[in-house]
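Below, each chain spelled out in residue letters.
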Amino acid sequence: MIEFVDVALLVLLAITGVTIIRLRNLFAAVMMAGIYSLLSAALFVVMDAVDVAFTEAAVGAGISTVLMLGTLALVGHQEKKPRRPAIVPLFVVLVTGGILVYGTSQMPPFGHADNPIHQHVAPYYLEESEHDIEIPNVVTSVLSSYRGYDTMGETAVVFTAMVGVLLLLARGPLPRRVLLGGEWRTVRPGTTREELRAEAAHALDADGSDGDGSGGTTPGSPGSEDIVGEQGGKHG
Amino acid sequence: MLRAVGLGAILLTFWLLLSGHYTPLLIGFGVGSTALVVFLSMRMDVIDHEGVPIHISTRLLLYIPWIMKEIVVANIAVAKVILDPRLPISPRLVTFHGSPKTDLGRVVYANSITLTPGTITIGVSGQEYLIHALSAADLDSNEQDEMDARCTQVAEG
Amino acid sequence: MIETVLDYASWASILGGLFFMVVGTIGVLRLPDVFTRLHAAGMTDTMGAGLLILGMSFQTVVGIMHGETSYWSVLIRLVFVYAFLMFTSPISTHALARAAIVSGLEPWTNDHEDDA
Amino acid sequence: MDDLVVLRVGTKILIPFILLFALYVQFHGDYGPGGGFQAGVIFAAAYVLYALVFGIGNALRVMPAKVVYACGAVGVMIFVGTGFVTMGLGGVFLDYNVLAHEPSHGQHYGIIAVELGVLVTVFGVMVAIFYAFAGRRRLDP
Chain A
1 MIEFVDVALL
11 VLLAITGVTI
21 IRLRNLFAAV
31 MMAGIYSLLS
41 AALFVVMDAV
51 DVAFTEAAVG
61 AGISTVLMLG
71 TLALVGHQEK
81 KPRRPAIVPL
91 FVVLVTGGIL
101 VYGTSQMPPF
111 GHADNPIHQH
121 VAPYYLEESE
131 HDIEIPNVVT
141 SVLSSYRGYD
151 TMGETAVVFT
161 AMVGVLLLLA
171 RGPLPRRVLL
181 GGEWRTVRPG
191 TTREELRAEA
201 AHALDADGSD
211 GDGSGGTTPG
221 SPGSEDIVGE
231 QGGKHG
Chain B
1 MLRAVGLGAI
11 LLTFWLLLSG
21 HYTPLLIGFG
31 VGSTALVVFL
41 SMRMDVIDHE
51 GVPIHISTRL
61 LLYIPWIMKE
71 IVVANIAVAK
81 VILDPRLPIS
91 PRLVTFHGSP
101 KTDLGRVVYA
111 NSITLTPGTI
121 TIGVSGQEYL
131 IHALSAADLD
141 SNEQDEMDAR
151 CTQVAEG
Chain C
1 MIETVLDYAS
11 WASILGGLFF
21 MVVGTIGVLR
31 LPDVFTRLHA
41 AGMTDTMGAG
51 LLILGMSFQT
61 VVGIMHGETS
71 YWSVLIRLVF
81 VYAFLMFTSP
91 ISTHALARAA
101 IVSGLEPWTN
111 DHEDDA
Chain D
1 MDDLVVLRVG
11 TKILIPFILL
21 FALYVQFHGD
31 YGPGGGFQAG
41 VIFAAAYVLY
51 ALVFGIGNAL
61 RVMPAKVVYA
71 CGAVGVMIFV
81 GTGFVTMGLG
91 GVFLDYNVLA
101 HEPSHGQHYG
111 IIAVELGVLV
121 TVFGVMVAIF
131 YAFAGRRRLD
141 P
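Residue numbers (my numbering), protein chains in the order written: chain A, 1 to 236; chain B, 1 to 157; chain C, 1 to 116; chain D, 1 to 141.
Check before you lean on any hint, since a few could be wrong.
Computed Cβ-Cβ distance ranges for the label pairs, DEER-style [what the hints assert, rightly or not]:
id	chain 1	residue 1	chain 2	residue 2	range
1	B	Asp-140	A	Arg-22	38 to 48 Å
2	A	Ile-117	B	Arg-86	51 to 61 Å
3	A	Leu-12	C	Ile-64	33 to 43 Å
No lab work stands behind these hints: they were computed from the structure. We put the beta carbon where it would ideally sit given N, CA and C, even for glycine.
Bound conformation, chain A alone (with noise of 0.2 Å):
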């Protein structure tokens, strides 16, 4: 029966897989990508690794989408088409591919109680922690204390991977270019809403002529600047 909702969810993860790399529209693909995460996350929990479920479906489909999309709001979210087919990709691809399945004909079973990695320190661990360090989860144990260097290594390649982020992108917020009484002007970075709302109603009262001009944001109009549209048109 677990053997069956396994190969049920690996044969969903592959049509997932397949999905994202055919699709053109990013949107699509990052949502495909969410799905990629809940399938995995529910692959791990049959497999009794709550832990790892749980942190693949808060990072990979919860966080991870909203930093993709991030990024499509940066580069657009159309895919070009490739020139010429990718033969070359392909072969090496499918090459790597039937080595590695080839690769797994040599391996223990799925599983299997003898197992090499069930001979080393996991029986140790799984034995010892409770008496070693007294609290119930071992995955814990394992991840803060008898593995904690390797986690210090992980915590500092999160920190390396903001300080690459920052030094590709951050030059602080740029200036923002609004619409604001009826003229596109720049704002500093910063400005909240109500700063730029109240800026907006100060410029409408001055000359309250255009209130119905950018009023009205019509459910038609996409991208349709909204602040002052929307003051606009509750002013006239």
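For chain A, the structure is supplied; the task is to place chains B, C and D on it using the hints.
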């Protein structure tokens, strides 16, 4: 300030119910976490009559059984529509006028409309609600009037 | 006696939840556009998940009757999950529908000759 | 067309609970699934939700970018600092046994300290990356 204390009490209760481990260390962490969250919420400016609606909580609890009944009835109706081979739908956009005046009442009303399948609130503008309905039968005016009255009562007493 | 009744009620509730989940999925596949599909998706959220959680709560109550005190925390969590779902489901549905209409999507209509 | 009242009020009610749930996950990592990584991500998710609904300007007012960058570094310092404290108390690097008289208690305190470091780093990094991407174009609703 009273609301901040109220939010703290609610959050601490939430923590104690979730926790299940009542050692001094963990209860201490609970108190500290609650204080941090209340501080952050004050900085975020989410503690006000909308963010911490403790003044309507009893009326909201009394409202829940009725909305549950409505959800069940509406679900069965939509399930019948979906399973009907002819798929008898006639989707339409309509605008309602709702009587709740406060923001909280408008939210309760809008969410009640969305929770009952067959109707979805698309937009709220003042007291006008833009509703998408799956079929004309979902727009029973008696029922909407009752929901309207009850939501107003929940939010405004 | 009462445990047997609760057990049957729990399974009935879980099966009912699964039924509404399946019907909601069929609805997502059959209905014509995003707005009508949201109605069907909302069904899986409110009724499908609700009945599933109700069934699981009955199971925990049976467990508590057998003296498993740790099931209390499971019951509390189920109630929290349900409350969270009831709170977020309409908000996300609203956000999705609003996003669709703001980006200029026209709701699908048929020539409703059968009823006006 | 509308005044976003549903999203605004809903987010206001929800955010304190998400933040507290993140801290619950943090401090109950010893007893069930959870820990610094998950808690940091959930905490950051609540914050990103706030930024999405109320605008990045308000988010920057609550927690300026410099504070967030500092969080990313401070977390690593907490982790490494725990190691130096254990060295100062006569143990080896990250040997928590020396943190209390009873070795198992010391382990417990050490784990809490390093998990706190992980929480702070992950939160800071997630929000910093979000600021870096979202701050470059307006994301106000």
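Evaluated hints:
Checking the proposed 38 to 48 Å range against Asp-140/B and Arg-22/A shows it holds: the Cβ atoms sit about 45 Å from each other. Taking the beta carbon of each, Ile-117/A and Arg-86/B are about 58 Å apart, inside 51 to 61 Å as hinted. Range check, Leu-12/A to Ile-64/C: Cβ separation about 36 Å, and the 33 to 43 Å hint holds.
Checked against the numbered hints listed earlier, the structure breaks none of them; every hint is satisfied.
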